[in-house]
Amino acid sequence: MKAGLTMAGIILTCLAMFAADLSPKKVIKLPADNSMAELKVGPGLKTVQADCGVCHSTDYIVRQPHKSAKDWQAEVTRMITAFGAPIPKTDEGIIAQYLATAYGRDGK
Amino acid sequence: MKSSKPDRREFLQGLGTASISAATFLLPSSLSGRGIDNDPILAGRPLVRYPEKTDLILLTSRPPQLETPMRYLGSVITPNEAFYVRYHIPPPTSVDLNTWRLKIAGNVREPLSFSMDDLRGKFSSRRVLAVNQCSGNSRGRFSPRVFGGQWGDGAMGNAAWTGVPLRDILDRAGLKDGSLQVTFNGLDEPTLPTTPDFVKSLTVDHIMNESDILVAYEMNDKPLPMLNGFPARLVVPGWYATYWVKNLAEITVLDHEFMGFWMQKAYRIPDTPGANIPPGTQPLRTVPINRMDVRSFIITPNQGDRVKAKRPAVIKGMVFDGGSGISDVVISTDAGKSWRSSRLGQDMGNYSFREWSIEWTPPSPGSYRLMARATNRIGQSQPLEPLWNPAGFMRNVVEHVDVRAD
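Chains as they are written, first to last, in the numbering used here: chain A, -18 to 89; chain B, 220 to 625.
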């Protein structure tokens, strides 16, 4: 019985592989977000993770040039008005402040 | 019929960090091969292996932006598994050719629906070698820097695209009077309903006068990788890649201008010569980005390489433009004081990469700045100073490589 089940298993596996090669269906699995693109620790980090992570991974933030508070505020506004980011009014300032501090530069 | 949306469970899994699956996909960039460690923009970026892809330089995970290591761009053809990847919204993860259809609708006599068998069987095909370059390729090099995908130079590739000329598909459906533009929508879908779907448009004039605009179902004579547009994508030779909509599902003919976000607000360039404005300023008027400007790259030697003084060495690279064809690529080995014509490689068509090479003997030990400058057949060339625009598009400055002769 055991040998029979094993043989059936082998045949089914072969058929499945054969079918997979001929199948017109393409399926891919995307990997998890880059665990090395960690956001810097700072006030507002949790808000950023919750509100921004819905749509994109943290490397979208971490890879950006360090810009002024004014530039970062404009970018947060753009996320809301252009892309419909789910950022409540109460969070907008927190997120802009976090980015300007963690990924900001001195100047205007 | 559209395919299934990205699986919600997969999406939520994607939010997890430091998971085992992430570790299997990340490789230290010191294993990378030449170029990455020398490039300040790429320093510290891991290599990742996404489905159907070899190790590529990770810019962003989700939605994915994966850059091609420069060593692949030393060959005229970029292999499918090394071709760069860029999505604005999540790509489809499952497509079934039994149910996938390409729908042609709108201002047409007869709305149509084609399966892959229909595209292959009911139309003649055309094969075109064409460069696909991201509008923001090399954005990481802008000075002053701008927000956006911080690419090095690897958001580009060249492939042989096989498919049906778009104008033949539109002829089959029959354009009604007043047809002005055509929109292209793929299977990629936004995470939130408030995010504009990625839809691009081209004018009817452009399409009907260009037999090389294809609905392509093969890339380098193989089915497209999912992340480069399976089962079919638009190919717009000579134009920036934003128009080359992937995982095509719907082609719609309009009798008016398309007002979608990704044409009206995104992907706009200053309406100035060379899309160039003073750094840090805003353009008065903008137009949709369109045809590529001329660019050349030095592939060998690499930045920082050592060469032998008084011994012949080869400098080589590649060149491309927006479809007029290349007239020449001149090389300087003395930081731009003097220039010599390189030898151009085989002409693979106006839309393809073309190789160039030149022999050079460093006259004495010391540092040398090598530069390459291309001119196309309508007299457009590369500027010695980089252009600037707020979105970081169309960079095409003369490139340089510094080497040391011992």
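The reader is advised that the hints may include incorrect statements.
[Said to hold, decoys possible] Distance condition first, Cα-Cα at most 20 Å in a straight line; then the derived SDA-like pairs of lysine to any residue:
hint : chain 1 : residue 1 : chain 2 : residue 2
1    : A       : LYS51     : B       : THR318
2    : B       : LYS341    : B       : LYS484
3    : B       : LYS484    : B       : PRO442
4    : A       : LYS6      : B       : PRO442
5    : A       : LYS6      : B       : ARG510
6    : A       : LYS10     : B       : TYR306
7    : A       : LYS10     : B       : ARG391
8    : A       : LYS21     : B       : ARG510
[Stated by the list, open to error] If you want the ones that stay clear, here's a sample from chain A, every Cβ over 12 Å from chain B, calculated:
hint : residue
9    : GLY25
10   : ASP40
11   : ALA63
12   : ILE75
13   : THR82
14   : ALA83
Just so you know, these hints were derived from the structure itself, not from any lab.
We put the beta carbon where it would ideally sit given N, CA and C, even for glycine.
Now for the hints, and whether the structure bears them out:
About 49 Å separates the Cα atoms of LYS51(A) and THR318(B), which puts this hinted pair outside 20 Å; it is violated. With a C-alpha separation of about 37 Å, the suggested pairing of LYS341(B) with LYS484(B) is violated against the 20 Å cut-off. Note on LYS484(B) and PRO442(B): the hinted pairing is violated, with a Cα-Cα distance of about 33 Å set against a maximum of 20 Å. Among the hinted pairs, LYS6(A) with PRO442(B) is consistent with the structure: their alpha-carbon atoms are about 12 Å apart, no more than 20 Å.
Using a Cα cut-off of 20 Å, the hinted pair LYS6(A) and ARG510(B) is violated, with the two alpha carbons roughly 35 Å apart. Restraint check for LYS10(A) and TYR306(B): satisfied, since their Cα atoms lie roughly 15 Å apart, inside the 20 Å limit. Annotation: proposed proximity of LYS10(A) to ARG391(B) is violated, straight-line Cα distance about 36 Å (limit 20 Å). About 39 Å separates the Cα atoms of LYS21(A) and ARG510(B), which puts this hinted pair outside 20 Å; it is violated.
Against chain B, the non-interface label of GLY25(A) holds: every CB pair exceeds 12 Å, the least being about 18 Å. At roughly 5 Å from the closest C-beta of chain B, the C-beta of ASP40(A) falls inside 12 Å, breaking its exclusion from the interface. A Cβ of chain B approaches the Cβ of ALA63(A) within 12 Å, the least distance being about 6 Å, so the stated non-interface status is violated. Against chain B, the non-interface label of ILE75(A) holds: every CB pair exceeds 12 Å, the least being about 20 Å.
With a least CB separation of 17 Å from chain B, THR82(A) remains clear of the 12 Å interface cut-off, as annotated. A cut-off of 12 Å between C-beta atoms confirms that ALA83(A) is not in contact with chain B; the least separation is 15 Å.
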